[in-house]
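Here is how the chains run, residue by residue.
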Amino acid sequence: MELRKRIQREAEIPTASMADIAFLLIIFFMVSTVFSNEMGLQIILPEKGGVVKVKSKNIAKVYIDKDGSVRINGEPVRLGDIANLARQMLAENDKLIFSIKTNPDAKYDYLIRVFDQLRLANAERISFAPSGGK
Amino acid sequence: MRIKFKEETRANIPTASMADIAFLLIIFFMVSTVFRAETGLRIVLPEAEAARKIPTKNLSHIWISDEGIISIDDALVPLNRVSYIMMRKKEINPNIIVSIRCDKNAKYRVVEGVFDQLQDANVLKVSLATEKKRG
Chain A
883 MELRKRIQRE AEIPTASMAD IAFLLIIFFM VSTVFSNEMG LQIILPEKGG VVKVKSKNIA
943 KVYIDKDGSV RINGEPVRLG DIANLARQML AENDKLIFSI KTNPDAKYDY LIRVFDQLRL
1003 ANAERISFAP SGGK
Chain B
355 MRIKFKEETR ANIPTASMAD IAFLLIIFFM VSTVFRAETG LRIVLPEAEA ARKIPTKNLS
415 HIWISDEGII SIDDALVPLN RVSYIMMRKK EINPNIIVSI RCDKNAKYRV VEGVFDQLQD
475 ANVLKVSLAT EKKRG
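Going down the list, the sequences are from chains A and B.
Take the first sequence: its position 51, counting from 1, is numbered 933 in the numbering used here, and each next residue is one higher.
Take the second sequence: its position 109, counting from 1, is numbered 463 in the numbering used here, and each next residue is one higher.
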């Protein structure tokens, strides 16, 4: 009797399309990835109740009115000039604190613009004065 | 004289490692993907030149719409509840930084109220989200 030789079959996994699948997944993740690029102005709020007395000559009062007009120490200032003016004031007195008082009905945008200008002038000490309009 | 037949060499690009490269890239994108967890409110951020990048670590958002509606974690919140919510967030993560995403047409009154609530909750690290102004 003749025994048939068993043919040994090789197991094979087709890998040709694996790269396709992988690239498909890549494209999915590439499209759905949102690299977070949140921008913002960082501030640190003062602690509640911690009232610090500051000499009045070290304070520059910035007032933002309802219509977006800005006054520094009572004098009207154009928005674009704030940075330069603040730089000058800081050069005269480096302990200067800018106290921003905003009309409660003023737009947030005005505050940000003024705040931005002060930051551009490298003003480190900026405080938000209570607007008194609760 | 015998002429040797020229052997034809076949051009061959090795594709065996292509899948490896592809998977490597997949893993990179999988790790770096952050699915937007919250939708927030529809707002237009103000622009600022001095805007810096905010680290996303420890960040929590407060959304304020132009009508003064406040939203935290996709829930509308009345102003006087902000302090309580932030206090609980601070208990979970003491290094919390709050990003205030406020519409540029919102009234300052609301923002001031939120500042006040944050101070009550002793959450003092705040960043005012803006768009970077170009030019």
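Hints are computed from structural coordinates only; laboratory data are not their basis.
We treat Cβ as the ideally placed atom computed from N, Cα and C, and that holds for glycine.
Please note: incorrect hints may appear among the correct ones.
Chain A residues, not near chain B, derived (Cβ > 12 Å throughout) [what the hints assert, rightly or not]: (1) ILE889; (2) THR897; (3) ALA901; (4) ASP902; (5) ILE908; (6) LEU923; (7) LYS939; (8) ILE946; (9) PRO958; (10) ASP998.
Straight-line Cα separation of at most 30 Å, DSS-like style, residue types lysine-lysine; simulated pairs [stated by the list, open to error]: (11) LYS486/B - LYS943/A; (12) LYS479/B - LYS935/A; (13) LYS458/B - LYS930/A.
Chain A regions said to be covered by chain B (calculated; three or more residues, Cβ under 8 Å) [as the list claims (entries may be wrong)]: (14) 971 to 978; (15) 986 to 996.
Taking the hints in turn, this is what the structure says about them:
| no. | hint | result |
| --- | --- | --- |
| 1 | ILE889 | 27 Å, holds |
| 2 | THR897 | 7 Å, violated |
| 3 | ALA901 | 5 Å, violated |
| 4 | ASP902 | 9 Å, violated |
| 5 | ILE908 | 5 Å, violated |
| 6 | LEU923 | 5 Å, violated |
| 7 | LYS939 | 26 Å, holds |
| 8 | ILE946 | 8 Å, violated |
| 9 | PRO958 | 19 Å, holds |
| 10 | ASP998 | 4 Å, violated |
| 11 | LYS486/B - LYS943/A | 27 Å, holds |
| 12 | LYS479/B - LYS935/A | 22 Å, holds |
| 13 | LYS458/B - LYS930/A | 26 Å, holds |
| 14 | 971 to 978 | violated (count 0) |
| 15 | 986 to 996 | holds (count 10) |
Checked against the numbered hints above, the structure breaks hints 2, 3, 4, 5, 6, 8, 10, 14 and satisfies the rest.
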